[in-house]
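2 protein chains.
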Amino acid sequence: MQIQRLALLALPFLLVAAAPPHDPAKLRDAALKDDTAWKITEGLTTEIGPRLAGSPEEARARDWAVQKLKSLGFKNVRIETFDIPGWERGEERGAIVAPYPQPVALTALGYSGATPPQGVEAPLVAFPNVAALQAAPADQVKGKIVYVGNEMRATQDGSSYGYFGAVRRSAPSIASQKGALAIVIRGLGTDSHRVPHTGTTNFEPGVTPIAAAALSNPDADQIERIVADGKPMTLRLVITPRAVGPRQSGNVIAEVPGSDPSAGIVAIGGHLDSWDLGTGAIDDASGVAITAAAAKQIMDAGRPRRTIRVIWFGSEEIGGLGGRAYFERHKAEPHAAVGESDFGADRVWRFETKLNPAAAPLVGRLEAALSPLGIAKGSGSASAGADLGPWVRAGTNGIDLDQDGSRYFDIHHTADDTLDKIDPAQLAQNVAAWTAMLAIVANAPETLVAGARE
Amino acid sequence: MQIQRLALLALPFLLVAAAPPHDPAKLRDAALKDDTAWKITEGLTTEIGPRLAGSPEEARARDWAVQKLKSLGFKNVRIETFDIPGWERGEERGAIVAPYPQPVALTALGYSGATPPQGVEAPLVAFPNVAALQAAPADQVKGKIVYVGNEMRATQDGSSYGYFGAVRRSAPSIASQKGALAIVIRGLGTDSHRVPHTGTTNFEPGVTPIAAAALSNPDADQIERIVADGKPMTLRLVITPRAVGPRQSGNVIAEVPGSDPSAGIVAIGGHLDSWDLGTGAIDDASGVAITAAAAKQIMDAGRPRRTIRVIWFGSEEIGGLGGRAYFERHKAEPHAAVGESDFGADRVWRFETKLNPAAAPLVGRLEAALSPLGIAKGSGSASAGADLGPWVRAGTNGIDLDQDGSRYFDIHHTADDTLDKIDPAQLAQNVAAWTAMLAIVANAPETLVAGARE
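Chains as they are written, first to last, in the numbering used here: chain A, 1 to 454; chain B, 1001 to 1454.
Hints may contain errors.
Pairwise CB distance ranges, derived in the manner of DEER restraints [as the list claims (entries may be wrong)]:
id	chain 1	residue 1	chain 2	residue 2	range
1	B	Arg1060	A	Ala135	32 to 40 Å
2	B	Ala1131	A	Lys70	41 to 49 Å
3	A	Ala25	B	Glu1224	34 to 42 Å
4	B	Glu1224	A	Ser383	36 to 44 Å
5	B	Ser1383	A	Arg60	50 to 58 Å
6	B	Arg1329	A	Glu224	37 to 45 Å
7	B	Gly1073	A	Glu224	24 to 32 Å
8	A	Lys33	B	Val1363	37 to 45 Å
9	B	Lys1142	A	Pro424	37 to 45 Å
10	B	Glu1224	A	Lys70	22 to 30 Å
Honestly, the hints are just simulated from the structure, not real lab data.
The C-beta atom is built at its ideal place from N, Cα and C for all residues, glycine as well.
Produce the complete structure using the sequences and hints provided.
Next up, the structure:
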């Protein structure tokens, strides 16, 4: 009886010992207890802080990353540099001059033009959205400061960012074409704090960049209330950023070498640069941390079939420039699958795949390994994020682990993007999901490289 | 049968028609549907915005208030001015210089001294709380920038503000006495946003005011993380507020005249001034709005026995100076009862009284009228707030309608104190509670004036 009991107790341990080195369930559950991702997120946001694309701080972050990735045991750790058009924030102040004098909280959009150093003061003309600005005759806009509202609300999957983001991407260029002196928009944040939400804008070729800034939601509310009251409004803006010519940026690359070079690379990562207002915790220290911590789980368990390449991209925030540079430089190398973590650190709730036919069997294995983490199978529309998206569009297998974005745009691109916004338990769930995914994909017996398909 | 039914249906209407003009339950329920308080809060925060004690904006707010209170039908609307020591915010910037260079978000405390225009740069010495700073030898502090943490957490009744507020009230004076160049504290906010929390500090007589600023919680976290790591830290501060000599402030007073001048005045109100960072919505546009809207409910229903005096105090934020000025000027006038609304606009959850023996019967009547709003009877410790507290301490009956303060210090004294933080339904519940209280107290048959007690 005693002996029988002992044998029964020993059975699970024997089974575990007999499991393959990259058993997805076992590694997944171990990853839930690992604090590597937390330490990377904490280190990067504390020891570097804000790290704008092309800045000395982004360069310091690359050096920090090399040291960190080497110390974690990764191989072939290196920096691949590239040049970007530099831009630096200047002064930024705004005030309602009439009818009700008071300051407003705003921040320049990336690649905003500048007002004169002494600022501009002009009547405000307000539009509820980009379409209304687009439809307005130029003489309604010329010589004025334009305001454009928007209706973005939080969604779990973040899908409204693309749709409502037009106000940031396009409205400044349209306003400039119609002769506006400057433009302020309701920022894309979904919070109600006086921490405005930056992000790049684009001026079409030939269009003069004008000063373009985002207001916090309480400030946009204030302006819309006064406009609704029918009172003519005058605004004063001092917004003095500068385009500073070419600056160096770079990607940091690290590898877990695989045993079968012909099986292709599994490329994962996040981006190392951040906006300058916060310390880039959810965007995207957590993404580089999650993917590196997951790759380390695989590395520590043994050599995978495929090389896992962890890429911490530079200059994502100003147009995915690090991702483009990586694609151009590496497009001849066979990639088996790609995936980026760039949507914060709240729990993964869904996985999406975009797979070549030969890779189809992965879906069932991913489903089995991820569903115990509360992760549902999606509809088959992975994008691989801003940095690795070019690969998916070129036919490489893509796998997304979608984070819950319900509060992402409360924080994203604002001064509020700081470490306290990261929930360690949800961060660990992310690492567990990425670990399980890598255990499956890096070791899959199928032929995953598109060009090498039988 | 038909006739019987009609008679039954008519019965409630007949009962209502027979009720006295100031039936507390009837007026209370009508007040739940009134938007006067919302309109005052919206108007003051939109048309005036920030209104620092002694500023031109506070003067504009007084003029706005006179016009508003007259238009609502109040009598004897007037301004009573008094002088205060003026103080104006200047530049305020801070950065960690070493070991990890990055900016920090901070704001000067009221009556802070200034750094030189070019700022100060010095080693940081950190203390977890005021007691630790107090115990430190001067040579540990001299020539340095002091940091003091604190442990304030949100409470429903706001009671931790008094206890933990010592860090703001006292630490700067102690640091100056020990030879510190400047001081930064973890602000008293309970939020995690980069919107630091201001408020007055006090330098003891003979102590040189040094630059004193509050960090937002994420920034205080950052500093404490680096300190815990054992790395020496250097901070740079540019904080240039100015003491600007005497400035005019004032109280705005309006009345609902009573039928019995010998019965004493019921004095209620809130404060008109606000900190300069936000638009003073919860602190305290809502308080002046709630008390005026409730008084108007009584006024519109008929003449009460006692005169209700609505006071919108000036310069509360810098030491309750408007309340002191009112007490000095009016202390000879018989006051029957006093109460201030100065804790936001979330729902009233408790009422507190401090009553003379003759006023004791009020408690049961208040309980009956307030409990249907979910308001519990407290333990008998009303203070009547910063502005009307002197009356309670001098023996006048005090009645508090305590708001739920669970999120009050998330917003209080920050740039985030804006209209969007007010929940119209909870604001209306406040007005209903104040209306019921006034209906009872202003018409009570008892002798309420302390000196006139039989």
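Evaluation of the provided hints:
1. Arg1060(B) to Ala135(A): 32 to 40 Å: 38 Å, holds
2. Ala1131(B) to Lys70(A): 41 to 49 Å: 44 Å, holds
3. Ala25(A) to Glu1224(B): 34 to 42 Å: 39 Å, holds
4. Glu1224(B) to Ser383(A): 36 to 44 Å: 39 Å, holds
5. Ser1383(B) to Arg60(A): 50 to 58 Å: 52 Å, holds
6. Arg1329(B) to Glu224(A): 37 to 45 Å: 42 Å, holds
7. Gly1073(B) to Glu224(A): 24 to 32 Å: 30 Å, holds
8. Lys33(A) to Val1363(B): 37 to 45 Å: Violated: the Cβ-Cβ distance is about 56 Å, outside 37 to 45 Å.
9. Lys1142(B) to Pro424(A): 37 to 45 Å: 39 Å, holds
10. Glu1224(B) to Lys70(A): 22 to 30 Å: 29 Å, holds
Figure legend: structure checked against the earlier numbered hints; the only hint not met is number 8.
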